[in-house]
Amino acid sequence: MNQYNITEEEASDIEKEIGNEEIVIEVPFKPEDINIKIVPRNIGQLVELLEDKQILIPKYQRLPNLWNNTKKSRFIESLMLDLPIPLFYFDEGDNKKWYVVDGLQRMSTLEHFMLGTGEVGKNNSQLKLENLEFLTEYNHKTWNDLPKDIKRRINSNQVTINLIGKGTPDEVKYTIFSRINQGDVPLTSQEIRTALFQGYRVDFLEKLVSKETEVGQLFHKVTSGSIKTRRQEDLDFVSRFVSFYIQGYSNYEPDMDRFITTGTKLIPENEVDRRKMVIDFKKALDISWEIFGNDSFRKRQSINDGRKPINKPLFEIISTVFSKLTDDETRELLKNKKEFVTSFIELQNDNKRFWNAITTGTATKDNVNLRNKEFSAFLSNFIK
1234 MNQYNITEEE
1244 ASDIEKEIGN
1254 EEIVIEVPFK
1264 PEDINIKIVP
1274 RNIGQLVELL
1284 EDKQILIPKY
1294 QRLPNLWNNT
1304 KKSRFIESLM
1314 LDLPIPLFYF
1324 DEGDNKKWYV
1334 VDGLQRMSTL
1344 EHFMLGTGEV
1354 GKNNSQLKLE
1364 NLEFLTEYNH
1374 KTWNDLPKDI
1384 KRRINSNQVT
1394 INLIGKGTPD
1404 EVKYTIFSRI
1414 NQGDVPLTSQ
1424 EIRTALFQGY
1434 RVDFLEKLVS
1444 KETEVGQLFH
1454 KVTSGSIKTR
1464 RQEDLDFVSR
1474 FVSFYIQGYS
1484 NYEPDMDRFI
1494 TTGTKLIPEN
1504 EVDRRKMVID
1514 FKKALDISWE
1524 IFGNDSFRKR
1534 QSINDGRKPI
1544 NKPLFEIIST
1554 VFSKLTDDET
1564 RELLKNKKEF
1574 VTSFIELQND
1584 NKRFWNAITT
1594 GTATKDNVNL
1604 RNKEFSAFLS
1614 NFIK
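According to the working numbering, the sequence shown holds residues 1234 to 1617 in order.
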């Protein structure tokens, strides 16, 4: 672990935000808003729904098939032994299809083993069992190789499904998703949000980071390709920009996750409004590249410092504030860019309150307000 708390697991050049663990904000909601139905099914019925494409994964949730073949095989072995398995959570879509909330790895395993191909795991062939602990005689067998009595046992295994009903408020869904998010591979906050907001909102965020779009290419250029896509880190960054762009830092509450969730929900349906946001985001990236180059969104307390990881709070304030600049203000700023860079280094070195606000406890309301106010005031000296 280095001084910026970057873990090897993250495999990305991003400074971890620390000091937010103790921020606990209770957001009350009415108990009657919780609409969860208990739906009994057996494995055979679940697989039929999979085959008929009635069970889907949200387009941008997380990757299926994160389990290796041994773990998949032992899950199947549990069914062969008629052992109880954990319950499933699904979200009932407007189209009456079920979207996986909790149980994705189990669903993709069932599909891989019993169907071979499908919409969830995108596998090309049936899983062959391996490294079974008890029923070793079925190692190297596929579903088609199993005797009928074992198939019947698997198909008849009863499962409990918690179905989150249509009309459940997004804030309640977010809380439910967070509370049940205790599996082997927990969802990130961004993965929960993208599971909630399918459609034009997530499509819009994806456009901002896609390497197939001009703005997405610029995003990856300015961030030096440091922000990865695997756990939707890239979507988390642009969701943060969008949320502050739409709501403004003065409306920040109650915590970062819920502020970004609200901001994502507020992404306008009107295409003209979304296009304006793309233009402004691209403007912010262009300005940052022109001023900072590949040092964009990174701390620096000395001109001689080595390059630091990307800092999310700096991305937040720089992208949001730059996106609001007029053409005249942009020209004035770029005319003074050398002095701006030197003075910004001094700000980070001399202003301890600002430094702390981008370093620790970054999700507290006080620090969010402080860093945005300080940066805006600092910038005003160069665009008069």
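If you're looking for bench data, these hints aren't it; they were derived computationally from the structure.
Check each hint, because a few of them may be wrong.
[As the list claims (entries may be wrong)] Here are the in silico distance ranges between beta carbons for each label pair: (1) R1508 with D1538: 36 to 42 angstroms; (2) K1454 with T1575: 19 to 25 angstroms; (3) G1398 with K1454: 40 to 46 angstroms.
Glycine included, C-beta positions come from ideal geometry on N, C-alpha and C.
Cβ-Cβ distance between R1508 and D1538: within 36 to 42 angstroms?
-> With Cβ atoms ~38 angstroms apart, the hint holds.
How does the Cβ-Cβ distance of G1398 and K1454 compare with 40 to 46 angstroms: does it lie in that range?
-> holds (44 angstroms)
Consistency of beta-carbon spacing, T1575 to K1454, with hint 19 to 25 angstroms = holds (24 angstroms)
Of the numbered hints given earlier, the model fails none.
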